[in-house]
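Asker: From first to last, the protein sequence lines are chains A and B. Residues in the first sequence are numbered from 1 upward in steps of one, following my numbering. Residues in the second sequence are numbered from 1001 upward in steps of one, following my numbering.
Honestly, the hints are just simulated from the structure, not real lab data. No experiment lies behind these values; they were computed from the predicted model shown. Since no wrong hints were added, every one of them can be taken at face value.
In silico DSS-like pairs for lysine-lysine, Cα to Cα no more than 27 Å straight-line:
{"no.": "1", "chain 1": "A", "residue 1": "Lys147", "chain 2": "B", "residue 2": "Lys1100"}
{"no.": "2", "chain 1": "A", "residue 1": "Lys82", "chain 2": "B", "residue 2": "Lys1194"}
{"no.": "3", "chain 1": "B", "residue 1": "Lys1134", "chain 2": "B", "residue 2": "Lys1194"}
{"no.": "4", "chain 1": "B", "residue 1": "Lys1002", "chain 2": "B", "residue 2": "Lys1070"}
{"no.": "5", "chain 1": "B", "residue 1": "Lys1002", "chain 2": "B", "residue 2": "Lys1065"}
{"no.": "6", "chain 1": "B", "residue 1": "Lys1271", "chain 2": "A", "residue 2": "Lys147"}
{"no.": "7", "chain 1": "B", "residue 1": "Lys1112", "chain 2": "A", "residue 2": "Lys147"}
{"no.": "8", "chain 1": "B", "residue 1": "Lys1204", "chain 2": "B", "residue 2": "Lys1134"}
{"no.": "9", "chain 1": "B", "residue 1": "Lys1271", "chain 2": "A", "residue 2": "Lys157"}
{"no.": "10", "chain 1": "B", "residue 1": "Lys1135", "chain 2": "B", "residue 2": "Lys1244"}
{"no.": "11", "chain 1": "A", "residue 1": "Lys147", "chain 2": "A", "residue 2": "Lys82"}
{"no.": "12", "chain 1": "B", "residue 1": "Lys1175", "chain 2": "B", "residue 2": "Lys1202"}
{"no.": "13", "chain 1": "B", "residue 1": "Lys1202", "chain 2": "B", "residue 2": "Lys1146"}
{"no.": "14", "chain 1": "B", "residue 1": "Lys1130", "chain 2": "B", "residue 2": "Lys1175"}
{"no.": "15", "chain 1": "B", "residue 1": "Lys1134", "chain 2": "B", "residue 2": "Lys1244"}
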Amino acid sequence: MLLAWLFAAPAWAEGIDVNKAEMRISEEGYQLSADFGVNLNYTVQQALSLGIPLYFVGEFSLTRSRWYWLDEQIFQSEQSVKLSYNVLTRQYRISRGALFQNFASLDEVLRMLARQSSSLIPAASMQKEANYFAAVRLRLDTRQLPKLMQVNVLTSKDWDLDSGWYRWVVRPAEVRNAGKTE
Amino acid sequence: MKYLISISVLAVIVLLYLLSSNSVNTEVFSVSYYGLLGLTGLLALGLTGLVGFQIWRLRVKLKSKVFGAKLTLRLVIFFTLIAVLPGILVYAVSVNFLSKSIESWFDVRVEKALEGGLNLGRSSLDNSLKELTKKTQFIALLLTEKKPDQFQNSLTHLIDEGTVQEAAIFDPAGKLLAFAASNNALLPDVPGEKLLQQVRTKGKYSAIESTPNKAMTLRVLALVSANSYSGQSYLLQFNQAVPKQVEIDAETVQTVYRDYQELTLSRLGLKRLYGITLTLSLLVVLLTAISAAFFISERLGSSLEALAEGTRAVAQGDFTGQRPIRSSDELGALTGLFNQMTHQLADAKRASEQQQREVESAKGYLESVLTHLSSGVLALDSEFRLRSVNTSAAQILDAPLHQMHRMPLLQIADKFVLLTSFCLTITEAFGATGNGEWQRQIERISRNGTQILLMRGTRLPHGADAGYVVVFDDISHLLKSERQAAWGEVARRLAHEIKNPLTPIQLSAERLQYKLSAKLDEADARLLQRATQTIVSQVAAMKNMVTDFADYARGPVLKLTRVDVHHLIREVLGLYEANAVPITLDLRAGRAEINGDATRLRQVLHNLLQNAQDALQGVAQPNIVLSSEKVDGEIHLRVLDNGAGFSEAVMSRVFEPYMTTKSKGTGLGLAIVKKIIEEHGGHISVENHMNGGACVNISLPLNEESLG
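Just chain A, same shape as in the assembly:
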């Protein structure tokens, strides 16, 4: 069910962009998901092809604005994804915790990486008639790079892969209505 989505600028430039971000509803609750455009630059790609694993972090957050106090944090989640290349078998692999998946080509693996979705947000935690701020972000976690590589991270901008926070306003009521009409 596609309920509310937004397009960001089409990007073939190097780096990470947000192509599409939306909030879905299922029977268990709401879910934030985003489609990123991930294009690794030469430096990162080379490092990957030499067998160095890259860790990406997908972050999701949902807040409600309060005029009388700090914004209320409704939901926050972080998911770490490991992207690696086996130089021996020449296969790319995506791992999320114990789960993993092998891919023969870089494009396939990047397409897989680009699709990120949050864990479930209980429906009870959101009020239907309120406005919420949703935000998504995908970035390369340079802190999990091998230690020696971190020297490069600090001396070069090539490793700064970050979509930045992408924010938009959602109203749970509209989400449901739209779902019904479709």
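Fit chain B to the given chain A structure using the hints.
Answerer: Coordinates of chain B only, in the frame set by chain A:
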């Protein structure tokens, strides 16, 4: 400042230790390391500021020429050179060594070997896979000729033969038809939809599969196309584990290759990082050293500054300041010696001051003795220049001798005509004497008449204070009183001698008249009476004169009471109201009460007014002025007339008895006046007024009670 430097030194040590220990592998690498680098950078900045501040301070000190600043500058330069030069040398060597050693990690041959190993592993795996693929395709070909129910047997057979480790046959939908394995596996890996699709279209699938928990396996799927019995297609799957040793070796090669590549990739960054660390460390250490150099130099300089300050204070005569001893080295010892010196100087100064005070008090005592001496004392040096003089000398000689210090005697004689005889006598007497002592009596003209001085001269013994001392006394008063006493004696005797025959003479004359007047005729009787009267009156006059004499000589005892002079004057003036000569009163004294004998004072006034009247006979517009004035506890009376005044010859002897200018007068008037005034503790003097006319000045001490 001291604490600042200590703190920064401590911080430098901690930071450098952390930096060096952090270069080796630790978990908290990136965050803390760069945090540390940042901190070190901040510290370096702070130290730069500190050094800048110290430089500025030294500059200010140099500009204001603070003592010791130049030494501080030199010390700072030396210390800095000593710290900086070796530091830079070590730094250069370290940087060079660092880049060389990092470069030495990388070797083309090592890289080639690693790549070769990797390729070897790859090709070995590829070969195995190719072989298995061929095998699978071959078996698949064979299976087209077999009945589907014989598949299980065939697979078991294959396993038994050791052709492959695991074999399975699926139908096109992916359903398992037959399975055999040598490793007791119960179920094969079922291919997914995607895989089935690929096999159906391409006829085969071959891949090396690696899962984290299982060993690396070779997996091949081949299409058994158009079985001759069933006409159906099947999928044959062979799984073959890669030999353990091969897998381990390949893994090792891969890991080492990856590590090596990591290193290669981060080579530049590492070099930079180490370079930055080294540079920052050097900077911090050097800055700390320079800062410490400033501190130490300033300490050394400030000790000198304190000493200089002390010296200046001593130069200005301040011996009280004790400099604090800050160090136990020679500088401290020097400060201690300096303190000791100032202490001794202070003691010496105190002692000399004490001595000077004593000398001064002795001198003061001597001077006070000399001042209160009634005799005049003159001290002359060997060239007859005035050295010192006491108050009495100046009073006696009536000349400002105190202002003529170091003036030759002859010059004084030239300057003051009245002192000429005095000065000449001294020089002449010292010239004439043989043993250096002499005594003379001289007479000189002073402002108050002739003055008789008794002088004694002594030559001081040769030496530093060689010179002469002259001591003199005004003995005029002494002589005068002697003369007066003599006159009084003469007068008393004379009066006595004269008075004795006067009474018989008078009585005899009266008796003659009484007895003879009846016996004579009228003409003779008249003659007798005239003659007798003449005798009686002349005798009476003579008696009066003799009484005056006696009065003068005897001087009855004064009966002192409180007398108002002004009152007295008015009372006396009442008797002169009918007089031809007008008397002008000008009484200006605020108080006029004295202790005195009214009768005698009345006589004084009578005498003076009588004298003035006598002097004014024959003057066109006669006038007498009687004035009073209060001066310093004394009342000054002045009787002024506009007559001819005193002549020079009379002036000097005007107060002596029997000096008179009048045709009929005893010449005792002024002498008696003087006597009475002196008996009252007063002074009398006469002078000629500048407009002509005589002026008599009297001063009498006022009653002390009325003064208060």
